[in-house]
Amino acid sequence: MRKISIVLILLFSISSFYAFAEGGREVQPISAVAKVEAGITVIDSYNRSVTIPEPVLRVVSAAPSVTETIFALGKGDTLVGRTDYCDYPEEAKSIKSIGSLQEPDIEAIAELAPDIVIASTHFKKESVDKLTALSIPVVVLADQDSFEGVYTTINKIARLTGSEDSGVALISSMKQTVDSVILAVRGKKTPSIYYVIGFGEYGDFTAGGDTFINQIIEMAGGNNIAKGIKGWSFSLEKIVDSDPDILVCSKYWNAKKSILAANGYKDLRAVKSGNLFEIDNNMLDRQGPRLADGLKALAEIIHPDAF
Amino acid sequence: MVFLILVLILLSAIVIAGSLGSARISFPDVVKIIASPTPSIDDGIKDTSRIIIWKIRLPRIILTVLVGMGLGVSGAVFQGIFRNPMANPYILGVSSGAAFGVTLGMIMGLQITFLGIGAIPISAFAGAISASVVVYLISGGGRDILPLLLSGIAMGFLLSAMISLLMYFNRSQLENIVYWTMGSFNAANWQKAAITAPVILPGSIFIIIFARDLNLMVLGEDSAKSMGVSVKKSRLIFLLVSTIITASAVAVSGVIGFVGLIVPHAMRIITGPDHRTLIPYSMLGGAILLLIADTIARTIIAPTEIPVGIVTSLLGAPFFLFLLNRMRNPK
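Those protein sequences? They're chains A and B, same order as listed.
Each residue of the first sequence is one higher than the one before, starting from 1 at the first, in our numbering.
Each residue of the second sequence is one higher than the one before, starting from 1 at the first, in our numbering.
None of these hints come from the bench; they were simulated from the model.
Quick caveat: nothing in here was measured; it's all calculated off a predicted structure.
Cβ coordinates follow ideal geometry from the N, Cα and C atoms, glycine included.
All clues stand as given, with none of them false.
If you want a taste of the chain A side facing chain B, the calculated C-beta under 8 Å gives, among others: (1) Glu201; (2) Tyr202; (3) Gly203; (4) Asp204; (5) Ile229; (6) Ser235; (7) Leu236; (8) Asp241; (9) Asn263.
Use the sequences and the hints to build the structure in full.
Below is the structure:
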């Protein structure tokens, strides 16, 4: 009796393994046909060559920078899905949300039947694989931490949405803004600046020398007091010791008000003399069409006399 | 004797800590700044150095010493009451209650201030006290030790789960919450020191005065009762005072582990089990340990700061192995 039970149990586990294994076998995606296909081909950040059949009429964006780019290219009406964080421009808010950048709701995306999903840096490879298994084309365009990188991404999105002309115009306008800023601050003395990303109970954080924001600060004609560190973590003592000329913080989260009352910060020469300025950090954090505007806003804070 | 040596060690540690930091200020300058709080002309000292010493470093050192004292004392009390070497100040839900309070406060975007203390310490304190009260009530009012312990564990699990749930739906706040729970003194200021000192110092002195009762309770409930100790009442008072001390410590610095656990053990090697000496020694030991840990935390890879809770954990684990070794091979 015992031996028979053992054999039956073994048979059961082996067959249950096969039962579930069958369910996971991939359905061949329609597009994996070995002929030359018509459509738009783009190489994404995972080095995948993705071909999307034209026309692209339904787009899901999985990042705020992508959403802003699509609207800036005049293709906002093709957007059928966006993340919770896509809040610019206003019209984006009325589009259905598909969750967060890192944990997008795959079912919600599938329900929208998009022609393409365009994602950025935080999109996990898992999500890419899941969507591909559902035959939904995904293109991941990760942030490149440079203006050139942003232009390349805008270019690719323009091609995918069939708005190459708008793309060229957008990039050209951004380049103009960047060039005018660099020209305006050239040769001027660079004030020392501290860019506040986090402060107080949760630690003091800023943009270190190896970050993109540090690059932008330097392009805007400023001298980042934290350029000597790598990464984001700084110390209050070091901030006071470096005695920056200017402090820049986010205009959100009541940051300015809190900094004015924060221990250590409130005694900074820059804060006491009214040189704590707010900026829309989304323009700088999102590597999208507003990046050049962000650069200009920062430059105007650092060199008000140049504009 | 040994006590005086410990006091001297603490004082030297304070002085050394005062001269160390991510801002390089020479030792003579530090002494000058402390000696004359108001600047006099031509003393060659930068205003920024003065601000750093008086507004950042000094309050941080004092707060660290206070919290260290509080954790040392309450650790010794908890180990005595539960007669358990693994007991630490957080077993009745103070740490998970505080973390839950902070998570809730953060997500609701609380902006209250009270006596110069912001929303985070207030929500932490409220959470810590509430959780402890609930644990006390559901365990049947502290009549027996085991239900108390089990309720504390259950509360810990429950609150951890709720914190995880809240964090899952508020991803943007996740890093902030995790950072706070690791424990750090980077946001130390005079207001925090001013509000914890009147809780931790008198509370610790109170416990020292009644340490004899704690000695008797360690002998066992029946023995204690027969010696005239009203066990239930004493236990409640000791737990209450220790919980308030721990809650205020956690409110201003996050959850710093191992101090409340290691320090009483380390001091017991010197003083033996008599709480009349163990408690004062644990006070000093806690202050010294935490001060050293925090100084390491803010200088070792300056200007980056490591949360002090991580440093204490790194120090705590090897020490525990050392203790274990000692237990298995008594000399």
